[in-house]
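J.: Sequence:
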Amino acid sequence: MTNISLESHVNNATKTIKVATISSSIIAVKPWLYGQIQTNLSKASKSSENKYDLVWSILKELGRMLNIKYEIVNHTEKQLGNFENGTWTGLLKLLKNEEVDILGIPTEVTFDHLDIADYTKPLFQSDYAILIRSPNTFTDNTFFILTAAFNMTAWTMVAALVLFSGCIFYVICHTLKRNNEQQYTFLDACWVFCSIFLQQGLWKTPNSFTGRMFVSLWWLWSITLLAIYSGGMLMTLSSGRERFPFYTLDELAYLVQHSGYKIVTESSSSSHLYIKDSLKDNLKKIWHEMSINKKWINVSSFQDGKDLIINQPRTVLIAPREPLLVLAASDCRVTLAKQSLSSFWCSICTRKNFPFLKEFSEQIELLLQSGFIQKIQREFHVFLESSKKDMMCRQNLHGDGLTETPLNLDEAQGVFWLWLLGTTFSCFVFLLEMITQWKKFIRRSRSTVTRL
1 MTNISLESHV NNATKTIKVA TISSSIIAVK PWLYGQIQTN LSKASKSSEN
51 KYDLVWSILK ELGRMLNIKY EIVNHTEKQL GNFENGTWTG LLKLLKNEEV
101 DILGIPTEVT FDHLDIADYT KPLFQSDYAI LIRSPNTFTD NTFFILTAAF
151 NMTAWTMVAA LVLFSGCIFY VICHTLKRNN EQQYTFLDAC WVFCSIFLQQ
201 GLWKTPNSFT GRMFVSLWWL WSITLLAIYS GGMLMTLSSG RERFPFYTLD
251 ELAYLVQHSG YKIVTESSSS SHLYIKDSLK DNLKKIWHEM SINKKWINVS
301 SFQDGKDLII NQPRTVLIAP REPLLVLAAS DCRVTLAKQS LSSFWCSICT
351 RKNFPFLKEF SEQIELLLQS GFIQKIQREF HVFLESSKKD MMCRQNLHGD
401 GLTETPLNLD EAQGVFWLWL LGTTFSCFVF LLEMITQWKK FIRRSRSTVT
451 RL
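Heads up, the sequence shown is in full-length UniProt numbering, so the first residue is 1 and it goes up one at a time.
Fair warning: there could be bad hints in the mix.
Claimed, not checked - DEER-style ranges, computed between Cβ atoms: (1) ASP281 / ASN353: 40 to 48 Å; (2) GLU433 / TRP221: 52 to 60 Å; (3) LEU220 / LYS439: 16 to 24 Å; (4) HIS75 / GLU362: 27 to 35 Å; (5) ASP281 / LEU225: 40 to 48 Å; (6) TYR247 / TRP221: 57 to 65 Å; (7) TYR247 / ASN293: 19 to 27 Å; (8) ASN179 / TYR247: 53 to 61 Å; (9) LEU273 / THR156: 22 to 30 Å; (10) ALA227 / LYS284: 44 to 52 Å; (11) GLU433 / HIS174: 22 to 30 Å; (12) HIS174 / PRO135: 49 to 57 Å.
Said to hold, decoys possible - Below, computed lysine to any residue pairings styled on SDA-like, alpha-carbon distance capped at 25 Å: (13) LYS60 / LYS338; (14) LYS352 / ALA159; (15) LYS358 / SER342; (16) LYS69 / THR423.
Keep in mind that the hints were calculated from the coordinates and are not lab data. Note that CB positions come from ideal geometry on N, CA and C, so glycine has one too.
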């Protein structure tokens, strides 16, 4: 065992507390939660690998405040442990046997551990999240990409507004016929607003103030709508849409029941107990499939869970959010689902009758009030958001990096499809007009011959 003094001794006699942490195999997955213990903690705290180690940052402050020396206990346990076959396993076994005083990791506050352990003042609130394999990015470069800026409801409203405005304009023009107002057929009246929407000029403009005001407001509305359409089209062309396998817990329950999906949990977390004890119908269905139909895989580490999800797409990992955030930021092949589950509190776990439990909780309360813990949490999230690995992942996986690349023919084909459709429709209308003119010409010729 190695003695580690967090700060120089002060007035009272130095108190020694035995601490157990997780072995280094988990450190790479959860640097913020566990960190790497070195023989000189003052140097370790400056290491970038331990910059966001919340628990050991708090222990360092507590050591300074309470004049405490920590004794790191060497052990072979790699998980928190639980109650199995009448005995406790993992780090909880060390607590029960009083081989250690506290655990140097944040622990989920659960009633199942109160028989052998106590908790300090809660450090932060977290929740259970779902890690899935990164979904494929969907892009549609055909003609329909030109309509993707608005949904079908918006396009229907635009078409209905054109017809409705055409009716109003037709009534206005015929009502003001005696005031020398321009006259339009119903089709021409509707075409006026269709031309405005397409930013075309009018072949004849109304003479009355009412008609001009009505048309002017439509011009203003169409310009605003065009700006919104341009922004939506730019976003559609520059990025694809991710299709997640599920968006709600009901959809996840259906996939587990009927599509062969399996739930993955990590042995040191209590996520499976949360699912088991939940009163929600969808989670009850999921637990039934997990326990009865054997659609449950329990892994020994979060790294193993991530590898399993990558290799088996029909699996999802349910665990506390923080380690999953680290996994998603370090590997672009996995990401967090949109759905979040129930929240819980994380705390420092101590053995029963720990003599400094009250002092620890009081000092943690001071650290919470001073914003010390919140500051470390913010730094952790900023670190994840600015992760270079994450930026490289997005660029390599989805092709939407920071470098600008010109559109290729496949990405720009929607414009050519629009031109082809417009040309085809124009030719069709041209043929109709020619047929109409030819019929009129035949009718006039016959009437002329009849008069002669």
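J.: It remains to establish, for every hint, whether it holds in the given structure.
T.: Going through the hints against the structure:
The hint said 40 to 48 Å for the Cβ distance between ASP281 and ASN353, and at roughly 41 Å that hint holds. In this structure the supplied range 52 to 60 Å is violated for GLU433 paired with TRP221, their Cβ-Cβ distance being about 31 Å. Between LEU220 and LYS439, the C-beta spacing of about 41 Å breaks the proposed range 16 to 24 Å. For HIS75 paired with GLU362, a C-beta distance near 29 Å keeps the hint of 27 to 35 Å intact.
Between ASP281 and LEU225, the C-beta spacing of about 43 Å keeps the proposed range 40 to 48 Å intact. Checked against the hint of 57 to 65 Å, the C-beta distance between TYR247 and TRP221 comes to roughly 34 Å, which is inconsistent with it. Separated by about 23 Å at the C-beta atoms, TYR247 and ASN293 satisfy the suggested range of 19 to 27 Å. Distance hint check: the CB atoms of ASN179 and TYR247 are about 58 Å apart, consistent with the given range 53 to 61 Å.
For LEU273 and THR156, the Cβ-Cβ distance of about 49 Å falls outside the hinted range of 22 to 30 Å, so the restraint is violated. Taken as a hint, the range 44 to 52 Å holds for the pair ALA227 and LYS284, whose Cβ atoms sit roughly 49 Å apart. Taking the beta carbon of each, GLU433 and HIS174 are about 25 Å apart, inside 22 to 30 Å as hinted. Distance hint check: the CB atoms of HIS174 and PRO135 are about 56 Å apart, consistent with the given range 49 to 57 Å.
The straight-line distance between the Cα atoms of LYS60 and LYS338 is roughly 36 Å, outside the 25 Å bound, and the hint therefore fails. Pair hint LYS352 plus ALA159 does not hold up; C-alpha atoms about 72 Å apart against a cutoff of 25 Å. The hinted pair formed by LYS358 and SER342 fails the criterion: a straight-line CA distance of about 28 Å is larger than 25 Å. Of the supplied pair hints, the one linking LYS69 and THR423 is violated, its CA atoms being roughly 83 Å apart against a limit of 25 Å.
When held up to the earlier numbered hints, the structure conflicts with 2, 3, 6, 9, 13, 14, 15 and 16 and fits the remainder.
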